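Student: Chain by chain, the residues:
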Amino acid sequence: MRTFFTLLILFAAAISLQLSVISRIQLLSGNADLVFVILAAVSLQERARSMLWWSIGLGWLMGNISATPWYIFVGAYLLGTAIARLLARRVWQAPLLALLSVTLVGVFLLHGLTFVYRVLFETALSFTEVFSQVILPSLLLNLLIAIVLYPLLRDLIERLYPLEV
Amino acid sequence: MKINSPRSLQRIVISLVVIGLIALALGGYFQPVNTLFQRLTVDIQTWFSNRYLALVDFLTVPRDVVSLRQRNAELEAEVAQLQTEVITLQQKVADVEILSALLEFARANPQYSYTGATVIGRDPSPFYRYVIVDVGSNNGILPGMPVVTNRGLVGRVDAVIAEAARVQLITDSASAVNVRLQASNTEAMLLGSVTGDLSLDMIPQDATVQPGDIILTSGLGGVYPPNLLVGQVVSVRKLEYELFQQASVQPNVDFSRLQFVLIITDFKPVDITPLIPTPGP
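Which chain is which? The protein sequence lines are A and B, in order.
Just so it is clear: in the first sequence, position 74 is 73 by numbering that gives the first Met the number 0, and no numbers are missing.
Just so it is clear: in the second sequence, position 60 is 59 by numbering that gives the first Met the number 0, and no numbers are missing.
Chain A on its own, in the form it takes in the complex (with noise of 0.2 Å):
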């Protein structure tokens, strides 16, 4: 019980940051998806349980809230998740490396179905323009979030998932 509201708290706070700070902070055309990188952290933890719904939930509120369909935000914060689970249960001996591989699979999931779903149903966009001026930054400022969260999350998910000897 703990745990779930450690993480409610965590998450709600990573929201209003997103909405009110990092979505203004932005690279080219691109910003960063901190509720994304904190889920992803979280998640290649090997005793956090929970995350898939965990994904699903964020991923419904963080669709509500933007202009994005919110099966975009639900399958791509779904299937993020689920690659940092199988890679958390590989036993990675490098857990950094772990976070970017996911912060990387995971903005290129979000960005790609971003990107088909306005140009099927909303308006004409440039794939060159779109990949050098919103999905290139936007991975950018993802790695360095996830670069500086880490050591933080680190601590934190130690103390919400001790080691049992």
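Do not take every clue at face value.
Derived coverage of chain A by chain B (criterion: at least 3 residues anywhere in the stretch with Cβ under 8 Å from a Cβ of chain B; other residues may be distant) [stated by the list, open to error]:
| # | region |
| --- | --- |
| 1 | 10-20 |
| 2 | 23-33 |
| 3 | 59-66 |
| 4 | 110-116 |
| 5 | 129-135 |
Over 12 Å on every C-beta distance to chain B, these chain A residues come out as not near it, computed from the model [unchecked claim]:
| # | residue |
| --- | --- |
| 6 | LEU85 |
| 7 | ARG89 |
| 8 | THR122 |
| 9 | LEU142 |
The hints are simulated quantities; they were obtained by calculation from the structure and are not laboratory data.
Small disclaimer: the values here were computed from a predicted structure and weren't measured.
For every residue, glycine included, the Cβ atom is placed at its ideal position computed from N, Cα and C.
Got chain A sorted already, so can you dock chain B onto it with the hints?
Tutor: Okay, now just chain B, sitting in the frame of chain A:
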């Protein structure tokens, strides 16, 4: 009484000397000596007093340092508090200036009713240029209502919940606004982009468009009211083999610093979807 005795003579001499000295003193003959004596006394007293005070200072310095440090800490805390207050007041002054400008705009355009709103967030997806404002259906906000600032058109309300609304900015890549070039009175289409840049399309080839031309909403399509300021033309691209001219546009509103907006609440957008012909069977 034996005057001749040496002891008596001594007394007499001393008495005479004393009397003589008193007489001289009363006569003012000892004034320079007296002054010199007083000066010496004062100098000695001053020297002793200064040394004593220095010694007292030396002995009480540690206690004073402690109290001075405490006082210094108090003053530093007070300075920090005052600096915080100054920053808060500067922020309030900036807010008041923006709100005053919005009020001026509302007074200058009395044909509409407005509801003020604060921008509280931005869309988490970089593909969408949307902002979230702190008024919703409880404040009478409905989807489709135009959003402006004192500097011009911002966008329109896209979705509403009880206490908040999502606003699509005119810079969004799915946004299209019917506009009019003020100088040539030419209709055109203002389009957003994924990078947030604005461009004009559908400008007739025979229209004269110059950099610096003012762009206003035309009101066509019924989505936005007419004559709202949008921005100005930066550069024009005219190719002979194309049907229309194109132009890049500098918006009048700074979308990166959007803080307060006005929602036009009495403008009813017209849904022309039923009028658009659909392909028959």
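Student: It remains to establish, for every hint, whether it holds in the given structure.
Tutor: For each hint, the structure was consulted:
no. : hint    : in the structure
1   : 10-20   : holds (count 3)
2   : 23-33   : holds (count 7)
3   : 59-66   : holds (count 4)
4   : 110-116 : holds (count 3)
5   : 129-135 : holds (count 3)
6   : LEU85   : holds, 26 Å
7   : ARG89   : holds, 30 Å
8   : THR122  : violated, 4 Å
9   : LEU142  : holds, 15 Å
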